[in-house]
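Starting from the given sequences, assemble the full structure and let the hints guide the process.
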Amino acid sequence: MSDKNSQDPKVQPRTNPLIWLGIMALAAALVLLVFIALYKKGASVGELAPKIEKKVKAESAAAAVDLEKLKTFTPELVSKGAALFQINCASCHGPKGEGDGPRAAELNPRPRNFHSETFRFGAFGSQIFNTVTNGSPGTSMPSFALLPPEDRWALVHFVRSQIPDAPEESPKQAETKTAQPKETETASQAQTAAELAKAELVQGPRIPILLAMQRMAEPTPPMQPQSVLSLEKEGAVLFARYCMPCHGPAGESRQTVYLLRINPDRFVR
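The sequence shown begins at 3 in the numbering used here and counts up one residue at a time.
The reader is advised that the hints may include incorrect statements.
As the list claims (entries may be wrong) - Listed below are the simulated EDC-like cross-link pairs for lysine to aspartate or glutamate, each with C-alpha atoms no more than 20 Å apart in a straight line:
| id | residue 1 | residue 2 |
| --- | --- | --- |
| 1 | 73 | 119 |
| 2 | 98 | 70 |
| 3 | 42 | 70 |
| 4 | 235 | 108 |
| 5 | 71 | 170 |
| 6 | 98 | 171 |
| 7 | 42 | 119 |
| 8 | 71 | 171 |
| 9 | 73 | 171 |
| 10 | 73 | 153 |
| 11 | 73 | 167 |
| 12 | 82 | 152 |
What the hints assert, rightly or not - Listed next, with one range per pair, are the computed distances between beta-carbon atoms:
| id | residue 1 | residue 2 | range |
| --- | --- | --- | --- |
| 13 | 219 | 246 | 23 to 33 Å |
| 14 | 76 | 42 | 47 to 57 Å |
| 15 | 111 | 90 | 12 to 22 Å |
| 16 | 215 | 89 | 22 to 32 Å |
Honestly, the hints are just simulated from the structure, not real lab data.
Beta carbons are placed, not taken as given, at the ideal position from N, Cα and C, and that holds for glycine.
Laid out in structure tokens, this is it:
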């Protein structure tokens, strides 16, 4: 009987459990080796993190110091500001800052002409920097605070290059005005508001002439067709005036026309 069971192909031989224990031990050892290797790598990266942070802080501090140099007018900054102006400002202020950009006619008040008009918040470098950073409330001038400070100072130098006899300020004045933009802005806003009110009383409000000319150049829209009801009413009046004597009030052709000696065609069959 035992010989038959040993020769039966359906009976599976038992696996030695020690083999499975050995496989599990090897797998655990492999996982442990991988963990140790990654742990050492992470520890080395962690040691470098404070050094990297110190380096970034040192670079940012150096950049803050170099930013002071950007307040000095240079041809390189003017050239850079001109390129930035064409991208960010020329659509409203025009390519040369004359207030004649493609969108100028749509804006009220119109963009400022740097060559002939006074600046709302002042024409010092620090004042223009604050205007570029904060925008001009009550107008279409937005804030460009998302631009890096070096780009904003480049724009400042280009704008000042377009101002005839641009006023100069001492470094102490620039530092004070840049450090306290709200106080300067409030005082300049009050002064500018009074000047604008006085100018409007003398000259009256500015009229967007280009917008008016554009509107005049637009073709007159075609006349809209009348509704069916209005046409029916007009037709009924005309029918009663010219047609009813022969065709009848309801188009039944019941009346004989003496002159024609015929019955008018019937509209109602």
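Subject >> Hint check against the structure, violated hint numbers in rising order >> reply: Numbers 1, 2, 3, 4, 6, 7, 13, in rising order.
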